[in-house]
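K.L.:
If you want the building blocks of each chain, they are given just below.
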Amino acid sequence: MASLITCPHCGVRPKEEFAIRGDASRARPEPLAPDDAWHDYVYVRANPRGRTFEHWHHIAGCRRFLVVERDTATHEVYSVVDAADFARRAEG
Amino acid sequence: MTGYRLSSGGLVDRSKSLSFTFDGRPLRGLAGDTLASALLANDQLLVGRSFKYHRPRGIVSAGPSEPNALVTIGTGPRSDANTKATVAELYGGLTARSQNRWPSLGFDIGAVNGALSPFLGAGFYYKTFMWPKQFWERVYEPFIRRAAGLGRAVLERDPETYEKSWAHCDLLVVGAGPAGLMAALTAARAGLRVIVADEDFRLGGSLLSTSETIDGAPASILADRVVAELQALGNVTLLSRTTVFGWYDDNVFGAVERVQKHVAEPSLKIASERVWRIVAKRALLATGAEERPLVFGGNDRPGVMMAGAMTTYAERYGVAAGKQVAIFTSGSAGYRTAHALAAKGISVAAIVDARAEAADQAPDGVRVIRSASIVDTKGRQRLRGIVVERSGFEELIACDALGMHGGWSPVVHLACQRGARPAWSEELKAFVAPDVGGGLRVIGAANGVYTLSGCFNDGAEKAAAIAADLGFSASRGASPAIDGETAPSFTALWYVPGAKSKAFVDFQNDVHAKDLGLALREGFGHVEHAKRYTTSGMATDQGKLSNINAVGILAGMRGVSPADVGTTTFRPFYTPVSFGALAGTARDEHATPARKSPLHGWAMKNGATFVEAGLWHRSAWFPRAGEKTWRDSVDREVLNVRANVGLCDVSTLGKIEVFGPDAAEFLNRLYCNPVLKLPVGKARYGLMLREDGFVFDDGTVSRLADEHFFLTTTTAMAGAVMAHMEYCAQALWPDLDVRFVSSTDQWAQLAIAGPKARAVLQHLVDEDISEGALPFLSARKVVLKTGVSARLFRISFSGELAFELAVPAGYGEAVADQIMEAGRPHDICAYGVEALNVLRLEKGLLTHAEFDGRVTPDDAGLGRMLSMQKTDFIGKRLSSRYGLTAADRMQLVGLKPVDADKDMRAGAHLLKEGTKPSTLNDQGWVSSAGFSPVLGHSIALAFLKSGRERYGEKVIVFDKLRDQEILAEVCDPVFVDPQNEKLKA
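Chains A and B supply the protein sequences, listed in that same order. The first sequence runs contiguously to residue 92 in the working numbering. The second sequence runs contiguously to residue 1985 in the working numbering.
Don't read these hints as lab results, they were simulated from the structure. Glycine is no exception: its CB is placed at the ideal position from the N, C-alpha and C atoms. Misleading hints may appear alongside valid ones.
What the hints assert, rightly or not - Subject to a maximum C-alpha distance of 16 Å in a straight line, what follows is the list of computed EDC-like cross-link-like pairs (lysine to aspartate or glutamate):
| id | chain 1 | residue 1 | chain 2 | residue 2 |
| --- | --- | --- | --- | --- |
| 1 | A | K15 | B | D1249 |
| 2 | A | K15 | B | D1250 |
| 3 | B | K1876 | A | E30 |
| 4 | B | K1682 | B | D1706 |
| 5 | B | K1870 | A | E30 |
| 6 | B | K1785 | B | D1768 |
| 7 | B | K1876 | A | D35 |
| 8 | B | K1164 | A | E16 |
| 9 | B | K1323 | B | D1043 |
Claimed, not checked - Covered stretches of chain B (in silico footprint by chain A; criterion: 3 or more residues with CB under 8 Å from a CB of chain A, positions within the stretch not fixed):
| id | region |
| --- | --- |
| 10 | 1062-1069 |
| 11 | 1245-1259 |
| 12 | 1728-1734 |
I would like the entire structure built from these sequences, with the hints used as guidance.
P.N.:
This is the structure:
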């Protein structure tokens, strides 16, 4: 895990300032989406070795949810973006 | 061995004599000594007992790899167990005690284990202590625990203080030996921000202990000169007594600085130890190389030590390890030690060289025995002689100290702590650092460069390259000239055959060569398996001396190269770090701060007993004279609220202000019940679900203006609800125009409940607060007669006519005082969370005792709140799953005991009459229970299978913890005023 995270709002900050919520790659299904879609969204988690997208909450900083793109094996961090931007990008 | 102080020489201050004690014996050393050098100077050879066999052990090394000389330094709460004497700086008044011996170091009962050793081989505890089964806990484990172990932790409170600090630099140099100092100097002169960290109390590394000279002067002179120049530069931080223990992601290093572990009376104003987190753009590892011990029969006799350590004791501390010293070597460094000792006038008995041929020259008159090995040592608690074997001929040579040298291993721990494994170098016969990228480079002996000039060049070159890489221009100064330098060489010798007694691989854990053979025979030949099976390398020294020989021996036994065996995994910490240092300032109130309500002072004045709820200190009840138990107080408070009026501090509830054009829409998606059309000036009970359909939290939603809502959450979930809302607003629905902020600490919130609540409150406000003007579930801003802006809510958690008044936190205590004053004629009382809990229990109102994460709104009898007409809300979709709507789910019910004298307790399980307690027969559980002073008996809320259909049925309340079974009747969960007549009075 990275020791330092570059928050797009606060700059380089130690990882202890963040709480990790988990997988950020799944979008919340539409209200009427099939059972399988909701089941997967709520219960099924991949545990990938390699590149992942995770929600990191900057609880001791700007209180923004960030999407951290990182490698679980090498610990390299590729990108950190605000979760709202990430969600809009996914929709757009 | 007879250790003594040489008449001159060394970097100790002979004018500063220091007194200290070892096992109560008063001794003297010199400023600049380590505890180990001072003990040697006093001929205190026996310093400890080994872990398993309790064998007498002496000092082996002169540094952090020491396996034997572990002592407890200090007394009482300041005792530091398992401190290595070889790195402990001597100070006046130091007290040291040996460990793992009883009754004394010289006579240790546990040494009988040595005679039992045939039964105590590797993995003995897996085999020997198996039967009978019940003996393990009662006999074997206590016995093993008493017999094994090192220093003891003290139970007294640690009076010392600790702290943590961040540091940032362009270049971190780990190790201040020849390579590190030259690298630091090169980088510092180029203008880089440099941090140099070294575990020693004096910077210089091997320059302080080598017998080599530079430009005709002792090497330590050069070290002092470089350190002085670095000290004078503003861009350099020198951290001595600082061990870099870990290398973490993003080139962050962990280090511990022993700020005042070397003083008799540490100041409480500064920390004893400081943990550094160093963010380094680049780092150079200049940690040197570890000398390898030789594995031969009797190699653990006190008096046998590393040849390099002997040189260090002689050169740096002016201490001779013995009067008649022998050397056992497989490399040229053994000869260098012989020269160094001879030059100090110490007699060298013989050099036993395992190699058949070598170009190395012995000092004049010293006998060299080639192609020879040592198969045994003589003496008991100190070395008297060695048995040298050559071609089957054994010869006893008298000596009182033996220096051993088996080659060098670069110290590459830090470079391997992030997953990369060291690589075997056939050329160096050693594991070397892997290529871990530009952030961390290895220099000097850690890089397999074993000459002084090579170290200087390697350090300077790599530092210059880093400087250039970071945009600085570095120029290299002239390298110092080393006098008569030769490159050392050695032959790897993992194991000396023909041992006549135990040949130890790992001294601290008593692992000898045969144990590794046993591990291999029994299928544990993989290096990681062998480590665990034999415990080789698992002691506090983590096998700094022993691991390489264990790998070599396994390789030999398996008939493969050490490259194929590989090493075990390197992890932080390089050397042990105290828990105090790791905790830093995070202890007591700094670890768990007390959260106090703005009404804490008011509660204190009224005699409250407090209870800790998370970090909060909440007023639990307010005892009065004559009340003997807490129940007396709580019963009185409850009855008074039901009959008159009470005031309760509810400031700890989470409070969140929500603003924006989309505030109503946002909240409508958060709560399972409708919020969109909540009128301004009204409050509503709200239920939030998790996405899986279970209840997350409950509270109230009030609309103070069209685009301004005010929420309350439970005390426990305040933080979680805030984070949940942030997630929903930012990650799920970023296009909703809504903003919110926690105002938990900004408001003092007071609940005024009871039939006389309105009468009391009317004293404080001019506005009409009658039932007609301010009906149940009103929420509005008011101004108190005193001019204080406030918010007034008609909400009730007791079933009584009740108000919640919120005032700015700073006014809380004054307003509470005012209410108590106004309420005196109405017999007002203060009530705490215990009475609050009984009041809500009597009314069947719910808390997180009920909402435990397994409960749906319908389970709790709140199914009608689910607004399935809404397009969407968190938890809607999964609420309709079959499992969450099944008819036999556990449903909220009330319970009253058939025999009114019986007390039910939360946590009890429910059984049908006539059934035995079993998981299969389980019918539900009691979530909350208490004594109702109104009804005069115990009442409980419980979850019971299909409970709402079973009112009137009798069930067994089975409480195994308290070993009781109570018969109770299932009833409606609202025990008092089921028609809610008092609420709207």
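K.L.:
Does each hint fit the structure? Answer for all of them.
P.N.:
For each hint, the structure was consulted:
Proposed proximity of K15 (chain A) and D1249 (chain B) is supported: the alpha carbons are some 11 Å apart, at most 16 Å. Proximity of K15 (chain A) to D1250 (chain B) is assessed by CA-CA distance (about 11 Å); at most 16 Å being required, the pair is judged to hold. For the hint pairing K1876 (chain B) with E30 (chain A), the CA-to-CA distance comes to about 11 Å; that is within 16 Å, so the pair holds. This hinted pair checks out: K1682 (chain B) and D1706 (chain B) have alpha carbons roughly 11 Å apart, not beyond 16 Å.
Between the alpha carbons of K1870 (chain B) and E30 (chain A) the distance comes to roughly 13 Å, so the proposed pair stays at or under 16 Å and holds. Taking the CA atoms of K1785 (chain B) and D1768 (chain B), the gap is about 13 Å. The hint holds against a cut of 16 Å. About 12 Å separates the Cα atoms of K1876 (chain B) and D35 (chain A), which keeps this hinted pair within 16 Å; it holds. This hinted pair checks out: K1164 (chain B) and E16 (chain A) have alpha carbons roughly 14 Å apart, not beyond 16 Å.
A threshold of 16 Å between alpha carbons decides the hint, and for K1323 (chain B) with D1043 (chain B) the separation of about 11 Å falls inside it, so the pair holds. Note: the region 1062-1069 of chain B has 0 residues with beta-carbon separation from chain A under 8 Å; the three-residue rule is not met and the coverage is violated. Residue count for the region 1245-1259 of chain B with a Cβ under 8 Å from a Cβ of chain A: 4. That meets the three needed, and the coverage hint holds. Counting residues of the region 1728-1734 of chain B whose beta carbon lies closer than 8 Å to any beta carbon of chain A gives 4, which reaches the threshold of three, so the coverage claim holds.
In this structure, only the earlier hint numbered 10 is contradicted, and the remaining ones agree with it.
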